[in-house]
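Trainee: Residue strings, one per chain:
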Amino acid sequence: MASVRQGGIPSRRGAEPGAPARRGAAEQGKSPDGGARRSLPHRIRKKFRVFSVRSGLDMPFLFLVLVLLVTGLVMMFSSSYAYAYYNYGDSYYFILRQAVYAAIGVTIMLAVSYFDYHHLHKFAIPALMVSFILLGAVLALPASDGVHRWIDLGFINFQPSEITKFAIILSFAHLISLNFKRMDTFRYGVLPYLLILGATCALLVLEPHISATVIVILLGGVMLFIGGVKFRWFGAAAALAVAAVLYLVVFTQEFTYANNRLEAWLDPFNVEIRDLTWQTRQSMMAIGSGGLLGLGLGQSRQKYLYLPEPQNDFIFAIVCEELGFIGALIIILLFVLLVWRGVTISLKAKDKFGMLLGVGLTLQVGIQVVLNIAVVTNTIPNTGISLPFFSSGGTSLIMLLAQMGVVLSISRTSAIDKT
Amino acid sequence: MAKGTTVRMWRRTLFILLVLTVVGFGAVIISLVKLQLIEGESLQRRAVDQQLSDSTITAQRGTIYDCNMTPLAQSATVWTVVLEPSYIEDEETRDTIVTGLAGILGMEESEVRAHAEKDNAYEVLARKVETEVKDAILAFKEEKEIGSGIRLIEDYKRYYPFGSFAAAVLGFTGDDNQGLAGLEAQYDEELSGVAGRLVTAKNAIGTDMPFQYEQKVDAQDGYSLVLSIDRVVQHFLEKNLEEGIVNNQVQNRAAGIVMDVNTGEILAMAVKGDYDPNDPFTITDPAVAASIENLPEEQRSAARVEALEAQWRNKAVSDTYYPGSVFKICTGSMGLEEGVITTQSTFTCTGAANVMGTTIRCHKLAGHGTQTFVQGLCNSCNPFFIHIGDLLGPDLFFEYFEGFGFTERTGIDLPGESGSLYYTAEELNPVELATESFGQNFSITPIQMITACAAVANGGYIVQPHVVSQIIDSDGNIVETVETSVKRQVISEETSETMCEIMQQNATTGTAKNGYIPGYRVAGKTGTSEKIAEKNETGEEEYIASYCGFAPADDPQIAMLIFFDEPHGESYYGSAVAGPVWAKTMEEILPYLGVERKYTESELQKLDVTAPQVTGESVEEAKRILQAEGLEAEVIGEGSTVLAQIPEYGASIPQEGTVVLYTDEASASRTVTVPNFNGLTLAQANAAAAEAGVNLSVTGAALTTGSAAQASTQDIAAGTAVSPGTVVTVQFIERDQVE
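Which chain is which? The protein sequence lines are A and B, in order. For the first sequence, the numbering used here begins at 1 and goes up steadily by one. For the second sequence, the numbering used here begins at 1001 and goes up steadily by one.
Some hints here could point you the wrong way.
Derived SDA-like pairs: lysine to any residue, alpha-carbon spacing no greater than 20 Å straight-line [as the list claims (entries may be wrong)]:
id, chain 1, residue 1, chain 2, residue 2
1, A, Lys230, B, Lys1134
2, A, Lys181, B, Lys1487
3, A, Lys230, B, Phe1015
4, B, Lys1623, B, Glu1601
5, A, Lys230, B, Thr1006
6, B, Lys1034, A, Glu207
7, B, Lys1034, A, Leu266
8, B, Lys1034, A, Pro381
9, B, Lys1239, B, Gln1714
10, B, Lys1034, A, Val205
11, A, Lys181, B, Arg1012
12, B, Lys1118, A, Leu329
13, B, Lys1487, B, Gly1419
14, A, Lys230, B, Arg1012
15, B, Lys1034, A, Leu292
16, B, Lys1128, A, Ala103
17, B, Lys1034, A, Leu329
18, A, Lys181, B, Thr1006
19, B, Lys1034, A, Lys181
20, B, Lys1034, A, Lys230
FYI, nobody ran anything at the bench for these hints, they're computed from the structure. Quick caveat, the model's predicted, so the values are computed rather than measured.
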């Protein structure tokens, strides 16, 4: 079937999804199935070997990851050096750290790609537990800037929500793949997930961390949707969400934190709330300054302390300012390709766990990118979402690269043309 | 279906992928299109606005010079002290800055602190501080190592070195160096120049960004104005106007214009009761300021505004008045030009004229009797001019009225010129025509009147009056020269010449003789105008006393109009109030302008001579010398040699005056008391002077024919102790001269 190479959607219609994958893998002679012909001790050894996957990884995906990572580093350097200079007296403050983290991350990514992701089944529930523990712990820790989001271990400073996102994806992939046939039932298809999501979101809202909550709900929802949960549950959830939001916005003042952000969102140039919208306005000015072709790499002016912390969540504004609409479009295209490739890899994963895990991890990147750019462009209200591969932050970069490693690991056994 | 992806998963995944791509990435791409491509420019402008620190380089405002390049208004560098609170490094620095600047600028610390604690990057702390203060601030910054937070911006301050001198013409400027009145307003564009800009890129804390961006557009300094105003002439005019205001208790200011009749150049223009353009917002008149202070709070600001506007007002171009009898020179010119009268035409004045049943009285109720036109003008006889108006008829009268420029603004290069109020030919019914014929019932500005008078003098040409003669750039190159512009000829040269002769006669023997200056053939006409509008409003009779004339009558050079608004002294008539001031001013101006005196025989007889040198001579020899000069000698003391003389050698002394010779030291301390000459006739004054032992020098009307002249002002106050023989100059005017 010529469709193997094409990987095109139309040609697959009606075909049994599993079959081409097996054949494609066989063509390369690296299928794990090929191991069935080998001796028993070999098979046992293989079963317990951690880095058991020797098949080739998906080069396009790896290439996209590395291109985005390098681009991200370059842009991170460009956008951070003024801030670093004025605040740390060293223009290289952020880039040096980020480069080290990137190197560690890539190493981990490659290592993980050799790691048979099936072992992750065993980590699914523990990961979820760790997530809950950390979310609980962070609430007990003192707040910084009025929110409980960070855990500072001295040598490392990280957001438990990063763990949570991965834990949700992993545990959902684990549970859905196990209960796949019963996903249309309430008891197995909805209730456990509802409980997990509900508890997680409750803890996140307490931090409060709206952006993480949104991402977790979106990710969980997407995985359940793909996993086969009936449409009506989504309808009900959507209706409930709308009702809740309306209630909060219209009838309570409790959500002032979000309310102010809404106001700031609708009219960022309103002078009365100029302090609140400073970041958004500066971001929009930076983006607007870029125009079609941009001011040129390194030529951003908004990074000179106008845009606060330009190396973090708002880095894309500097990207737009320096590289222009064309540059921004190319980077968005790279992300789209990454998501597309990741999803394609996952769709051809040899099992449902791999498929769900891969789709979840890839879509997590896609959703974050969309939300981040939407925030930066003031398409949605300002909330803290970092841009994968670009925003400064060591642990999240390492986490991200490790997760990309998982996708690469899936790609090794995926029935896809990997060149 | 084994372990792999099911069709439903496949479909749902693709659906999600589709949603993410189309809705998610689609939305952000649309946002980017909107922000970068559609709103890009305006957002970029906002960004640039905050990134670029755009400092204005103020252009130096041009200087205003008089005709001899004496600066009358000039700009000097001063500084604006600006605080940049958002760029102040820390609280400690903030405290240092507050204390330091409060000390240097002499401000309250709390006031400085209020500025320093604002969340702002531009707080003006003090404007127009002098360079010494700026240097002090710079030294302070250096000493305390203050990097950012204080900015000093160069600015200019306008100085008027002569204070209130020519204030009405010069005007003044506001805080931003913008012209607000007078020439400063009229020529604001020329004087201002073009401000330059210095654009540098700044980061959010106000220091320069490392990337190269600096653009400098140099300021183009303003042009300077060279006026036709002559500082000296202006000084004479202002000095005498001020004196006239005091002598005549003038209530509503005075104005004067001196104009070159041939070119229209204004040599002087003054309004007294004016202000100091260095400090225009202070009410100059202490009485007015005090009365405003006494007003209730809510009326105070309105009263202040009114008082300020009054003191800023250039009466010479902005006030309108009934010209009164001064206008008769125009009516007379019309009559002669049209040939309806000749100089010898006669008319009998019975003291009143009856026009269509309305009786219009002459100022001389008994009537002037039968008189020629020349006598009629010298008498300022109203019925005679009503007669001329009648002979001309409304159409011809109005044609000349227009011709003399009374229906249009003169277009002088000063702001706020008023238009006139008049009847058109169609509206001129006989009564209006009759009253307009002798200068009542229509309102014109002084500048219109003097322009018409200049036309009578210069051969009939209406010239464009102007104050600025040249515009030069900052390097002294001429940008524009204002040429003499003749608008039209309204009467013939012959008529003009005839009028000059009649007016000279008028100023010598007629009603205008208070304007007489021996040796100068002056031509003049008096005017007394009722302020009808004020009378209607308040019931008080108020007058404007004016005198308009020119000199020399045989070759007219300069015209002058003097105008006193509401004199409350002994007289309110133009002849008595404005005439002497006119004469005094003209007598100073003409020699300055190099117009030579030409005395007539009779004038020579009355002329003062200079005292010869007799000090050091023997008494006998001194007496001989003095006798030869036709002077008397009075010897004081017992000595035989003249030790001192009064008047001193070279000082002027009336013909047949007495020189006092001191022959010993003791006698030198003797003094006499100056008598009060006010109201005395010439003969009485001479007697009083002789009795007191002083010499009397006579100016004014007493030098011409007639015996009605009375002493008015004297240069040494009555009661002053002076050495015997001191010359006291007394001005004589004819008080009973009406009109």
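Trainee: For each hint, tell me whether it holds in the structure or not.
Mentor: Checked hints:
no.: 1; hint: Lys230/A with Lys1134/B; result: 78 Å, violated
no.: 2; hint: Lys181/A with Lys1487/B; result: 108 Å, violated
no.: 3; hint: Lys230/A with Phe1015/B; result: 15 Å, holds
no.: 4; hint: Lys1623/B with Glu1601/B; result: 27 Å, violated
no.: 5; hint: Lys230/A with Thr1006/B; result: 15 Å, holds
no.: 6; hint: Lys1034/B with Glu207/A; result: 34 Å, violated
no.: 7; hint: Lys1034/B with Leu266/A; result: 15 Å, holds
no.: 8; hint: Lys1034/B with Pro381/A; result: 17 Å, holds
no.: 9; hint: Lys1239/B with Gln1714/B; result: 16 Å, holds
no.: 10; hint: Lys1034/B with Val205/A; result: 33 Å, violated
no.: 11; hint: Lys181/A with Arg1012/B; result: 16 Å, holds
no.: 12; hint: Lys1118/B with Leu329/A; result: 42 Å, violated
no.: 13; hint: Lys1487/B with Gly1419/B; result: 18 Å, holds
no.: 14; hint: Lys230/A with Arg1012/B; result: 11 Å, holds
no.: 15; hint: Lys1034/B with Leu292/A; result: 11 Å, holds
no.: 16; hint: Lys1128/B with Ala103/A; result: 61 Å, violated
no.: 17; hint: Lys1034/B with Leu329/A; result: 13 Å, holds
no.: 18; hint: Lys181/A with Thr1006/B; result: 11 Å, holds
no.: 19; hint: Lys1034/B with Lys181/A; result: 46 Å, violated
no.: 20; hint: Lys1034/B with Lys230/A; result: 38 Å, violated
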